[in-house]
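Enquirer: For chain Y, the structure is supplied; the task is to place chain S on it using the hints.
The primary structure of each chain is shown beneath.
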Amino acid sequence: MDFRPTQDQLALAGAVRDVLGKHPAPGTPGEDGPEPGVGGVDGALWRDLAELGIFGVRVPEADGGLGLGHPESVHVFEELGRSLATGPFTATALAATLLPEYAAGRHRVGLGDLTGGAPQLLEHLDALDALLVVEIVDGESPGAAGRSQVLRVEPIELRADAVPHPVDPRVPLHRLRQKPLRGEIVGDSGTADTLLREGALLTAAYQVGIAAVLTERAVAYAKQRTQFGRAIGSFQAVKHLCADMFARAELARAAVHSAAVLLADEAAGHDGADLPAAAAAVSAAKLLADDAAVANARAAIQVHGGMGCTWEMGLHFYLKRAWALSLAYGRAADHADLISESL
Amino acid sequence: MQLRDTPAQQRFREELRAWLRAVLPTLDPQPSQDDWPARRSYDSHWQALLHQAGYAGLNWPAEYGGRGATPTEHLIFLEESELAGAPYVGVNFVGLLHAGPTLIAEAGPEQRERHIPAILRGDEIWCQGFSEPDAGSDLAALRTRAVLDGGGDDYVVNGRKIWTSHAEVADFCELLVRTGPPDGPKHQGITWLIMPMDAPGLTLRPLMTAGGSTEFSEMILEDVRIPVANRVGEEGDGWRIAMVTFAFERGTGFVAEVVWARRRLLEIAALARENATWEDSEIRRRIARLAAEFDALWALVKRNVSEAEHSADGIPGPGSSVFKLRFSEARQHLDDLHAEVRGRDSLAFDDDLCTYDGEPGYERLRSLAYTIAAGTSQVQRNIIGERILGLPKEPREPSASGAAKGGGR
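Sequence order for the protein chains is Y and S. Counting from 1, position 257 in the first sequence corresponds to residue 257 in the working numbering; the numbering is continuous, with no gaps. Counting from 1, position 184 in the second sequence corresponds to residue 184 in the working numbering; the numbering is continuous, with no gaps.
Excised from the complex, chain Y in its bound form (with noise of 0.2 Å):
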């Protein structure tokens, strides 16, 4: 055993975190927060990050990718949360695990998950050149019906309408007004829970970067803010709220490593019998890393005071996405099912 992260891991968090340094996000500090209506995916940003390979960390070399694993993954998505990342990384990183043509990163592919009914939002929809979508089949196809399935769609023929005010105002969202889909069934059932808990450990990483970069904001604050003539940090009642922003994003990170290990291990056949079930790991890991993301920025805008509450300050940003992913992917409760059929 040794759960340290290697060199390789931290070098390649490195190179993503210096791409990602070039193309700072709006409303992360030093840079303006956008105007309401305004996101979107940063095109230069995808293309670098494209280049760096992080779409085909998992596609074996032979098919364009990287060739390694899940604990190399969430490395890569820690660092996107970090800096608040905008755009389909998810979806394409996963499709890539499913058809190496979108390894490179050259398309942009959105998923969209109909398992759990109405209503259907899609993100990106316009900035999409395939759309995987996750569905029950219905009961007129025999044999399957009531089963899930993996299809592709062109986005372009889809009628869905443009939602005019997002509450994530970086992430366009269009409503899904079509049913039946028509496309391409790109995988079964088995297919589609992988693509969905793979979903929420690399979302899970992404909200563990959330929690940990606002932890810095928030003491950073902390530190250089006085008030009754010292540091707002030297008062335990601040201090406190700090400390508990960094216990949340550790222990959420070691719950997201342990399931990208365990879920690495399960896909080569190892398992131990002291270790838990990779399925109920990132399960265990989504539920933390949610809270985590979302508890931190409601604290770090705490810590902050009046100007935390700001458009200008950007931290809004932060909660505002950590609440978006929270409901993808599975929300609480889903996850809190599934692991306790493993109880």
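Don't read these hints as lab results, they were simulated from the structure. Fair warning: there could be bad hints in the mix.
Claimed, not checked - Ranges of calculated distance between the beta carbons of each label pair, as one might list FRET restraints:
no., chain 1, residue 1, chain 2, residue 2, range
1, S, 395, Y, 10, 43 to 53 Å
2, S, 153, Y, 6, 55 to 65 Å
3, Y, 181, S, 270, 23 to 33 Å
To be verified - One-sided and incomplete, this derived list gives chain Y residues near chain S with beta-carbon spacing under 7 Å:
no., residue
4, 233
5, 323
6, 339
Quantities reported herein were computed from a predicted structural model and do not represent experimental measurements. All C-beta atoms in this analysis are idealised placements derived from N, C-alpha and C, irrespective of residue type, glycine included.
Expert: Positioned in the frame of chain Y, the structure of chain S alone reads:
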């Protein structure tokens, strides 16, 4: 980044499993928690078995009779012992987890030779005399006074110590006393002494816990004479020496309990299915959330152990404060949840259990101390805030003597 055993670790695990399978059925039933002489002989017998099998002082250096095992092997030992239902370290807790490691690090050759083999064999029981009625979280404010007598051979000690576990059966006490001036810098002037528990002038007053157990005592010291030869380290250096033990306590003290908590959670889930509280989705999801929390804590333990294994000194770092903080709170939620699943059954102790261990009502009351003992949750948050995050310390009240100038906590 991986969690699997190396071949050597797997061998260690399998040998340990085989040994536990063979030896556990030979043990007598655990004695009642209040029968201290029986507890001592039960725990000492277990320690002697561990010693014969080469598992005593697992992480202690081989030159002091330990096994020189790695932090990961130590973790495997704690995990497998708990999974197999092996006895806890019990009355040997202070000797093996506090006093022993401190003596190895700081004591003179004669002191080591005198005590370390006896602790390893289970022949010598230790207790801890650190906290005082007026020195809890602010341990450095301790006032138990030690003065050299005229001849200079003995310290004469007066004062009160509190929260002393296993005092009734202990042979020796790791005692922190003030040898410096009472109004001097508080972190200086503290000295670490080995006190024989049969010393005249020592009175024990048992303290009953909210759960009804007699785990703790208050020790009243009136002109207790302790030979100068029993001093560990220099006079006035006791604070630094005591800090060595705290790192060990936070690092390993609660690890096996995560394994226990995960198993207890499975029992609670089984009970909930049996009595249909499982149908309540709120209960079911609370159980699941706690399972997630304990799995994450177990992962955090492995992260901390991996870091300790590759650090220069092998001592757990300040990251163990995160573990202590979150585990102790999760542990309380676990016992509350158990009570909720049991419903009105939780209002009665289970009289059929001759021991308190595992009795849900008793465990619920016992867990009150988890967020207090070994550094309160508030102290852990200060440690995280100040030592890890680098936030400024709370300004101290200026005092006439300049006592606030002393170093760290």
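Enquirer: What are the numbers of the hints the structure violates, in ascending order?
Expert: Those not satisfied are hints 1, 3 and 5.
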